[in-house]
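**Student:** Let's have the full structure, built from the sequences with the hints guiding it.
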Amino acid sequence: MKCAIIMDNGFEELEAMGPIALLRRGGVDVDLVSVHDDHVTGRFGVTYSKTTPMKDYDFDAIDCLIIPGGAHAKKLEANPDVLELIKKVANDDSKVLAAICAAPTILGKLGLLKGKDYTCFKSMNEDFGGNYHYQYVVEDGNLITGISASAAEEFGFAILEKLTGKEHTDEVKASIYYDAAH
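Taking UniProt numbering, the leading residue of the sequence shown gets 1, the next gets one more, and so forth.
No wet-lab data here; the hints were simulated from the structure. These numbers were taken from a predicted model, which means no experiment stands behind them. Using N, Cα and C, we set each Cβ at its ideal position, and we do this for glycine too. Among the hints, a few may not be true.
Simulated restraints on C-beta separations [stated by the list, open to error]:
#1 K50 x A71: 19 to 27 angstroms
#2 E167 x D140: 17 to 25 angstroms
#3 A174 x G111: 37 to 45 angstroms
#4 G27 x P80: 16 to 24 angstroms
#5 L83 x K50: 20 to 28 angstroms
#6 D37 x H133: 32 to 40 angstroms
#7 P53 x A174: 35 to 43 angstroms
#8 K122 x A78: 22 to 30 angstroms
#9 P80 x S175: 37 to 45 angstroms
#10 Y134 x K109: 32 to 40 angstroms
#11 K109 x V46: 23 to 31 angstroms
PhoX-like mimics (lysine-lysine), calculated; alpha carbons at most 20 angstroms apart, straight line [said to hold, decoys possible]:
#12 K95 x K2
#13 K87 x K75
#14 K122 x K88
#15 K88 x K114
#16 K95 x K75
#17 K75 x K109
#18 K114 x K95
#19 K109 x K122
#20 K75 x K55
#21 K2 x K50
#22 K162 x K173
#23 K2 x K74
#24 K88 x K55
#25 K74 x K122
#26 K87 x K74
#27 K95 x K50
#28 K55 x K2
#29 K87 x K114
#30 K95 x K173
#31 K122 x K87
#32 K75 x K2
**Tutor:** Here you go:
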C-alpha cells in the first residue's frame, strides 16, 4: 500500500506526523509531497526536508491521498493543480481520500461531501450538502475525515484499517499499547 500526504507551508504538524508515523509503523509506504519545493514547513516550524514536489510525483501509483489541515488549507484550496488532484482521487473508487480538520472543507467546497457522512473542525463546517458528525473520525466509503489535531491518532488508525484491515491495525495498536478506553 502507498499513501501520499500533500502539504504546503503552514500544515498542522500533528495532523501530518501522527498518520505518517502510524501508517509507516503498520508497513504502509507514505510519501511526503510538497506543493512547490523539496521541503515544507509546518505551522510550528517543523520542516520536512525530503519531500517530493507535486509536479514530480506520480499520484496514479497511490492507494490513498492524505490532506492534513492547518493554515495551508487556504493555499491548497487556491491551487488548481491540488483541486484537480483531489477530484481525481475522489472519483477513483480504488483510492482512499483522507482529510482532517480544515482540509475536509476543501472537499466540501468542491461538492465532494454532498450526500456523504463527514466531519471537520466544527467552526469551519458549512452546508456542504452532507451529514456532519461531531466526532473524531467519520468514514463514508473511501472517504475518511477527521475533526481536528486531537483526532490525529484515530484518523491515522482509520486510514491504516481501511488499507490493511482490522486485524493488522489491531496488531499495530497493540505494539504501541494503544487502549481506546483510556
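**Student:** Hint by hint, say whether it matches the structure.
**Tutor:** These are the hints, each one checked on the structure:
1. A hinted range of 19 to 27 angstroms for the beta carbons of K50 and A71 is consistent with their spacing of about 22 angstroms.
2. Take E167 and D140: their Cβ atoms lie about 23 angstroms apart, and the range 17 to 25 angstroms holds.
3. In this structure the hint that A174 and G111 lie 37 to 45 angstroms apart at CB holds, the actual value being about 40 angstroms.
4. For the pair G27 and P80, the supplied restraint of 16 to 24 angstroms is violated, since their beta-carbon distance comes to about 34 angstroms.
5. For the pair L83 and K50, the supplied restraint of 20 to 28 angstroms holds, since their beta-carbon distance comes to about 26 angstroms.
6. For the hinted restraint 32 to 40 angstroms between D37 and H133, the CB-CB distance of approximately 36 angstroms keeps it satisfied.
7. Taking the beta carbon of each, P53 and A174 are about 37 angstroms apart, inside 35 to 43 angstroms as hinted.
8. Between K122 and A78 the CB atoms are about 23 angstroms apart, so this pair conforms to the stated range of 22 to 30 angstroms.
9. Between P80 and S175 the C-beta distance comes to about 41 angstroms, which sits within the given range of 37 to 45 angstroms.
10. In this structure, Y134 and K109 break the distance hint of 32 to 40 angstroms, their C-beta atoms being roughly 20 angstroms apart.
11. Between K109 and V46 the beta carbon distance is about 27 angstroms. The supplied range of 23 to 31 angstroms therefore holds.
12. Distance hint between K95 and K2 is fulfilled; the C-alpha atoms sit about 10 angstroms from each other, no more than 20 angstroms.
13. For a cut-off of 20 angstroms, the pair hint linking K87 to K75 stands: about 16 angstroms separates their Cα positions.
14. Proposed proximity of K122 and K88 is contradicted: the alpha carbons are some 26 angstroms apart, above 20 angstroms.
15. This hinted pair checks out: K88 and K114 have alpha carbons roughly 16 angstroms apart, not beyond 20 angstroms.
16. Proximity of K95 to K75 is assessed by CA-CA distance (about 23 angstroms); at most 20 angstroms being required, the pair is judged violated.
17. Taking the CA atoms of K75 and K109, the gap is near 14 angstroms; set against the 20 angstroms cutoff, the hint holds.
18. Proposed proximity of K114 and K95 is supported: the alpha carbons are some 18 angstroms apart, at most 20 angstroms.
19. Restraint check for K109 and K122: satisfied, since their Cα atoms lie roughly 15 angstroms apart, inside the 20 angstroms limit.
20. The straight-line distance between the Cα atoms of K75 and K55 is roughly 16 angstroms, inside the 20 angstroms bound, and the hint therefore holds.
21. Under the criterion of a C-alpha separation no larger than 20 angstroms, the hint pairing K2 with K50 is consistent with the structure, at around 17 angstroms.
22. Between K162 and K173 the CA atoms are separated by roughly 14 angstroms; this keeps the pair inside 20 angstroms, and the hint holds.
23. With a C-alpha separation of about 26 angstroms, the suggested pairing of K2 with K74 is violated against the 20 angstroms cut-off.
24. Proposed proximity of K88 and K55 is supported: the alpha carbons are some 15 angstroms apart, at most 20 angstroms.
25. The straight-line distance between the Cα atoms of K74 and K122 is roughly 17 angstroms, inside the 20 angstroms bound, and the hint therefore holds.
26. Of the pairs offered as hints, the one joining K87 and K74 holds, with about 17 angstroms between alpha carbons and a cut-off of 20 angstroms not exceeded.
27. For a cut-off of 20 angstroms, the pair hint linking K95 to K50 is broken: about 24 angstroms separates their Cα positions.
28. For the hint pairing K55 with K2, the CA-to-CA distance comes to about 18 angstroms; that is within 20 angstroms, so the pair holds.
29. This hinted pair checks out: K87 and K114 have alpha carbons roughly 13 angstroms apart, not beyond 20 angstroms.
30. Restraint check: the Cα-Cα separation between K95 and K173 comes to about 24 angstroms, which exceeds 20 angstroms; the hinted pair is violated.
31. Proximity of K122 to K87 is assessed by CA-CA distance (about 23 angstroms); at most 20 angstroms being required, the pair is judged violated.
32. The suggested pairing of K75 with K2 is violated, with an alpha-carbon distance near 25 angstroms, which exceeds 20 angstroms.
Violated hints for the displayed structure, listed by number in ascending order: 4, 10, 14, 16, 23, 27, 30, 31 and 32.
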